[in-house]
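Peer 1: Sequences and hints are given; from them, build the entire structure.
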Amino acid sequence: MCQVEEEYSGPLEKTSLPTVSKKCMKCKESTAVLIIRVGDAFCRDCFREYFVHKFRAMLGKNRVIFPGEKVLLAVSGGPASSSMLTQVQEGLSRDAPKKLRFAPGIIYIDEGGACDQNAEEREKTLSQMEAIFRKTGFPYHIVSLEQVFSLPNSVLEPVSCGPERPGSSYKAAVDQYLQQKEVNQRQGQLATEEAQDAVAHLSVQASQVSPEHKQALEKLFSSLKTLTARQDMLQTLRQHLILHTARLNGYSKVMMGDSCTRLAIRLLSNISLGRGASLAVDTGFSDPRYGDVVIVRPMRDYSSKEIAFYNRLFGVRSLFISGLGTKTSNKASIQQLTESFVIKLQADFPSTVSTIYRTSEKLHTACPPQTSGAVAADKCLLCLCAVCNKAGKSQHQHYHFYYKHFVDAASASHASLISERLSRGELGMEAKIDPASCCPSGTLDPFSCQREGQGCGEGGSCTAARAPAPADLKSLLCYSCRLTVEDMAAEDTLPPYITSEAEKRWNSMSRLRANPAAPFTRAESQNNRIDTEAHTWAPRCRDKGR
Amino acid sequence: MPVQCSSCACSRAVLKRPKTGHSLCKGCFFWAFEEETHRTITSARLFDRGETVAIGASGGKDSTVLAYVLKVLNERYDYGLNLLLLSVDEGITGYRDHSLEAVKTNQQQYDLPLKIVSYEELYGWTMDAIVKQVGVKNNCTFCGVFRRQALDRGAVMLNVDKICTGHNADDVAETVLMNVLRGDVARLNRCTAVSTAGGGSDGVVPRCKPLKYAYEKEIVLYAYFKKLHYFSTECVYSPNAYRGHARTFLKDLEAVRPSAIADVIHSGENLSLKEGVKMPVQGTCSRCGYISSQALCKSCVLLEGLNRGLPKLGIGKHHRLHGRILARQPLTPVEEEKMKTLEF
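Line by line, the protein sequences are chains A and B.
This note's numbering applies: residue 1 is where the first sequence begins, and numbers increase by one.
This note's numbering applies: residue 1001 is where the second sequence begins, and numbers increase by one.
The hints are simulated quantities; they were obtained by calculation from the structure and are not laboratory data.
Please note that a few of the clues may not be correct.
Said to hold, decoys possible - Think about it this way: if two alpha-carbon atoms lie no more than 25 Å apart in a straight line, the pair counts; the simulated SDA-like pairs of lysine to any residue are:
no.: 1; chain 1: B; residue 1: K1226; chain 2: A; residue 2: G425
no.: 2; chain 1: B; residue 1: K1251; chain 2: A; residue 2: I343
no.: 3; chain 1: A; residue 1: K344; chain 2: B; residue 2: K1251
no.: 4; chain 1: A; residue 1: K331; chain 2: B; residue 2: D1252
no.: 5; chain 1: A; residue 1: K225; chain 2: B; residue 2: A1255
no.: 6; chain 1: A; residue 1: K344; chain 2: B; residue 2: A1255
no.: 7; chain 1: A; residue 1: K70; chain 2: A; residue 2: M129
no.: 8; chain 1: A; residue 1: K225; chain 2: B; residue 2: E1254
no.: 9; chain 1: B; residue 1: K1217; chain 2: A; residue 2: D487
no.: 10; chain 1: A; residue 1: K61; chain 2: B; residue 2: G1276
no.: 11; chain 1: A; residue 1: K474; chain 2: B; residue 2: S1259
no.: 12; chain 1: A; residue 1: K344; chain 2: B; residue 2: E1254
no.: 13; chain 1: A; residue 1: K362; chain 2: B; residue 2: K1016
no.: 14; chain 1: B; residue 1: K1274; chain 2: A; residue 2: D292
no.: 15; chain 1: B; residue 1: K1226; chain 2: A; residue 2: E426
no.: 16; chain 1: B; residue 1: K1278; chain 2: A; residue 2: K331
no.: 17; chain 1: A; residue 1: K362; chain 2: B; residue 2: S1292
no.: 18; chain 1: B; residue 1: K1251; chain 2: A; residue 2: S351
no.: 19; chain 1: A; residue 1: K362; chain 2: B; residue 2: R1243
no.: 20; chain 1: B; residue 1: K1016; chain 2: A; residue 2: A489
Peer 2: See below:
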């Protein structure tokens, strides 16, 4: 009933409930020790095989990680990322039958500053995490969230993709790597390699956190009024930090430990936050929006139950680190609410998480193509997703004086804006003008709004007293990042790299706008007309306006 | 200290708008609500001049407000439309018979012609009889499929150009969430459209939702302040519907962030599917000629199941059996047994 492609249930015979004393369904010899999904009983060894095989299959099927590549593992200390770390370790160890072939590094972000932890707790957590990382032998980077205040602007600049690597060249790359390795071995360079490995084991630690940065972080998070906005901002800052560390140290891939359950929750909460356009990259296997660094999610096939069982049976060490959402009520934020909803629904309808997962696989991101001519204005400043609405649903594009680009007139974002303006009395009862225009001056030419007085500032009733000169951050953001920033009490508490990049883009857009000959967005050049003859019946005063 | 209306700033505010949180006086609220509906209609070009439009009226708050607002806007902005009310009687005692009384009152108050079509005359089954056969778990499927066809049949009988329904923002958002939870990507692609494609082929009248961006709470406030008469009880069979879960979730979301409903609709509008995802192709039913993506339309399959005493025939996959049903061949005892199981 709850699924579209539901089969008939079998005839009502007495079905035996799967109990743990049954035999393993795979090898049919040993006793089962656990049950995953609805009725699959596994013994310990078969489960281990199943788990490890899924990880390899996920990497092998998607072929995005090339041999010899440097890959950054984002470990938060939680069960899923610790499990991922173990899988990578096992995969790289010499005695594995088909060795994984890439060079891993670890990154851990210390978010204690945002979650109001005191210095001792942070120290304790850090030392525990370091102990875990040292045992793995991979180079690790411990970055604290406060370092966000010393990031350069380049983090936000869109970078075009690296050279295309189609599937056929994957095989060639693997063969080449194997040949190289053989040659190295023969020439006795193995010893040098080991020495190099040892040197790489040195930890790369962040410098001590400066008190100004600490204060700035506290100010930032206290200026965000709702927990939803805080969690969203934390997620954005985390992504930027990881991206920057990867770029700085030459990593071209980042592995995140998001499990199936976590991704299903993220899909639903992103829908509720308004991030419909970027669902595919936020929850898919690979996230190519940053261009040179690709984010992959190899754990996306595992439910959190499987991960928990594996960690327990095979002794994977994970830490519980309290975050922004710890000890808050179920309904404190949209993300918390979605999590409790999905978990509760999963108890009644066991296929919920896997159905949502399959839905996310069928989605695709309507991002503007990453051509070299792509204008920066097309992408959101914070999350690097498409800013313009999907065109074509109503063939009636509106130049939005506030968002500064074209929006579909028959869309939810436009309707919300109309509601705002009506509630503020900006479209009064006497202004029964041609409904195609959302500008009270009655003219439909988008540029006349601008020329008349710097962004309708002089229009008076157009906007809520927006000063012409400083950058309007909100017009550079996508729908949902705008909602987050609207929840901020003071925009200047944002880290300097965001505000200076916003200034830069705003200024370049203003320069383009001042020169009307040059189209400043691709959408504008295609849809330059505003429908003057929009409607087939006439409101009474249509002839007066023009 | 009394709060002033944020729109006109001259009269006292009497309500707080659920959508934006602004405090408004009665007159400004009415103006805002009606103007938003007008913008939805004009920007999506829902109607053309001189068309006959049937309003799907159930007697509930959404259709009552829709009928009222359309009538007002038709006069104020001179749409030139010919409006009438179309109602469907499913045969649910204690629910539908009362709501039909409300529709009849609407007809008198707004002076619009009314037509009632019933399941009994169209299919030969009332919902009460269906529930006796099917049980309480899957009955909403029957009601929904039959009602859609009943609306279309009624519209063809009355010779109208368009049907409009009172679906509000909450309904559309719930549908988006429900389709994600059920994995129905085909519907996910279409459910946020403000009007269905159509016109031309027999039996298909295009349908639209003028109240698509109006919150349910605002509709209630509008009806309350305008003192409109409507029927407000839940369908007796609704507590077991899957939609209830999506509805509770949406209400909780709205409590956390009031703009969440509009955000969900925005996400739904901007979803796009990968190419190569299998989508159903529109054709016609070989038995009744109604539109269908399979050989037999869903209501024919459901009716067949009811008439043959196989209540689960329409629930779940049955494509392989379509051919046999069309040829009126008997089914094997095993298959019959499968489809007789009831769930109460």
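Peer 1: Next step is simple, just say for each hint if it's right about the structure.
Peer 2: A quick look at each hint next to the structure:
Distance hint between K1226/B and G425/A is fulfilled; the C-alpha atoms sit about 21 Å from each other, no more than 25 Å. A distance of roughly 18 Å separates the Cα atoms of K1251/B and I343/A; the hinted pair therefore holds under the 25 Å criterion. A distance of roughly 16 Å separates the Cα atoms of K344/A and K1251/B; the hinted pair therefore holds under the 25 Å criterion. Of the supplied pair hints, the one linking K331/A and D1252/B holds, its CA atoms being roughly 7 Å apart against a limit of 25 Å.
For a cut-off of 25 Å, the pair hint linking K225/A to A1255/B stands: about 15 Å separates their Cα positions. Of the supplied pair hints, the one linking K344/A and A1255/B holds, its CA atoms being roughly 19 Å apart against a limit of 25 Å. The suggested pairing of K70/A with M129/A holds, with an alpha-carbon distance near 21 Å, which does not exceed 25 Å. For the hint linking K225/A to E1254/B, the alpha-carbon distance of about 17 Å falls within 25 Å, and the restraint holds.
A hinted pair counts as satisfied when its Cα atoms are at most 25 Å apart, and K1217/B with D487/A qualifies at roughly 23 Å. Annotation: proposed proximity of K61/A to G1276/B holds, straight-line Cα distance about 19 Å (limit 25 Å). A distance of roughly 17 Å separates the Cα atoms of K474/A and S1259/B; the hinted pair therefore holds under the 25 Å criterion. A hinted pair counts as satisfied when its Cα atoms are at most 25 Å apart, and K344/A with E1254/B qualifies at roughly 19 Å.
The hinted pair formed by K362/A and K1016/B fails the criterion: a straight-line CA distance of about 41 Å is larger than 25 Å. Distance hint between K1274/B and D292/A is fulfilled; the C-alpha atoms sit about 23 Å from each other, no more than 25 Å. Our distance criterion of 25 Å between C-alpha atoms is met by K1226/B and E426/A, whose separation comes to about 24 Å. The straight-line distance between the Cα atoms of K1278/B and K331/A is roughly 37 Å, outside the 25 Å bound, and the hint therefore fails.
Distance hint between K362/A and S1292/B is fulfilled; the C-alpha atoms sit about 23 Å from each other, no more than 25 Å. As the CA atoms of K1251/B and S351/A are separated by approximately 23 Å, the hinted pair is consistent with the 25 Å bound. Distance check on the hinted pair: K362/A and R1243/B sit about 23 Å apart at the alpha-carbon level, within 25 Å; holds. Note on K1016/B and A489/A: the hinted pairing holds, with a Cα-Cα distance of about 22 Å set against a maximum of 25 Å.
When held up to the earlier numbered hints, the structure conflicts with 13, 16 and fits the remainder.
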